[in-house]
Amino acid sequence: MWFGISGSWRYEFQELTRDVETAVESILGIDCGIITGGALGVDYIATDAIVDFLGENILGRLRLYLPIPLKKYLEYLEKRVLEGKVTKRRVDALSEQLRGIQETCPDCIRDNWGFEEVNKKSYYSRIDKIVGDIDGLYAFQVNDSEGVQYSVNLAREQEKSVFLKSYRI
Numbered sequence: 000m001w002f003g004i005s006g007s008w009r010y011e012f013q014e015l016t017r018d019v020e021t022a023v024e025s026i027l028g029i030d031c032g033i034i035t036g037g038a039l040g041v042d043y044i045a046t047d048a049i050v051d052f053l054g055e056n057i058l059g060r061l062r063l064y065l066p067i068p069l070k071k072y073l074e075y076l077e078k079r080v081l082e083g084k085v086t087k088r089r090v091d092a093l094s095e096q097l098r099g100i101q102e103t104c105p106d107c108i109r110d111n112w113g114f115e116e117v118n119k120k121s122y123y124s125r126i127d128k129i130v131g132d133i134d135g136l137y138a139f140q141v142n143d144s145e146g147v148q149y150s151v152n153l154a155r156e157q158e159k160s161v162f163l164k165s166y167r168i
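Under numbering that gives the first Met the number 0, the sequence shown has 86 at position 87, and the numbering climbs by one with no breaks.
Since the hints were made in silico from the structure, they are not lab data. Some hints could be false.
Computed list of lysine-lysine pairs in DSS-like fashion (alpha-carbon distance at most 25 angstroms, straight line) [to be verified]:
1) K119 to K159
2) K70 to K119
3) K87 to K70
4) K78 to K120
5) K70 to K120
6) K128 to K164
7) K119 to K84
8) K70 to K84
9) K128 to K71
10) K78 to K119
11) K119 to K87
12) K71 to K119
13) K87 to K128
14) K120 to K84
15) K119 to K164
16) K159 to K70
All figures in this text were calculated on a predicted structure; none of them were measured in a lab.
Please model the entire structure based on the sequences and the hints provided.
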């Protein structure tokens, strides 16, 4: 079985981190796999927890669905730093994480969906693919995040189990 982990990318705080790590441990503890989107925030936290839990034995337990090819995705993130939309510290940590997974387990990264830039179409297409490939969804929504709500609605439409935790900050 595969579970998706979806969540807000803008935020990282102690309660959210603890909740995501607990979900990851629960999923991996029953020998299931996790699919997430390779983004900042919840995706980063989940991926970090998976690597901490499994070490380099992530093949068959982790899939990262990026909206565009990894190289272009990392360039996009650097551009967002220059625009002042995200911090360099967060992007550097995510870049290091994704490059490390690419080196140790390239089959964990899925990034060839036919898109070349991050935009609403590539972002939501990635969500469609994640939800289509999972048996259940853990969603961590901060302040009514639109993308998380889309994931939740889509999973419910497809009659998949959904665990939703909401936060207000």
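Each hint tested on the structure:
For the hint linking K119 to K159, the alpha-carbon distance of about 24 angstroms falls within 25 angstroms, and the restraint holds. Note on K70 and K119: the hinted pairing holds, with a Cα-Cα distance of about 19 angstroms set against a maximum of 25 angstroms. This hinted pair checks out: K87 and K70 have alpha carbons roughly 17 angstroms apart, not beyond 25 angstroms. For the suggested pair K78 and K120, the alpha carbons sit about 19 angstroms apart, so the restraint of at most 25 angstroms is met.
Straight-line distance between C-alpha atoms of K70 and K120 comes to about 19 angstroms, which keeps the hinted pair within the 25 angstroms bound. A C-alpha spacing of about 22 angstroms is found between K128 and K164, which places the hinted pair at or below 25 angstroms, so the restraint holds. A threshold of 25 angstroms between alpha carbons decides the hint, and for K119 with K84 the separation of about 16 angstroms falls inside it, so the pair holds. The hinted pair formed by K70 and K84 meets the criterion: a straight-line CA distance of about 19 angstroms does not exceed 25 angstroms.
Simply put, K128 and K71 have alpha-carbon atoms about 19 angstroms apart, close enough for the 25 angstroms limit, and the pair holds. Only pairs whose Cα atoms come within 25 angstroms are accepted, and K78 paired with K119 is accepted, the gap being roughly 17 angstroms. Using a Cα cut-off of 25 angstroms, the hinted pair K119 and K87 holds, with the two alpha carbons roughly 23 angstroms apart. Distance check on the hinted pair: K71 and K119 sit about 16 angstroms apart at the alpha-carbon level, within 25 angstroms; holds.
Our distance criterion of 25 angstroms between C-alpha atoms is broken by K87 and K128, whose separation comes to about 29 angstroms. Proposed proximity of K120 and K84 is supported: the alpha carbons are some 20 angstroms apart, at most 25 angstroms. Taking the CA atoms of K119 and K164, the gap is near 24 angstroms; set against the 25 angstroms cutoff, the hint holds. Restraint check: the Cα-Cα separation between K159 and K70 comes to about 32 angstroms, which exceeds 25 angstroms; the hinted pair is violated.
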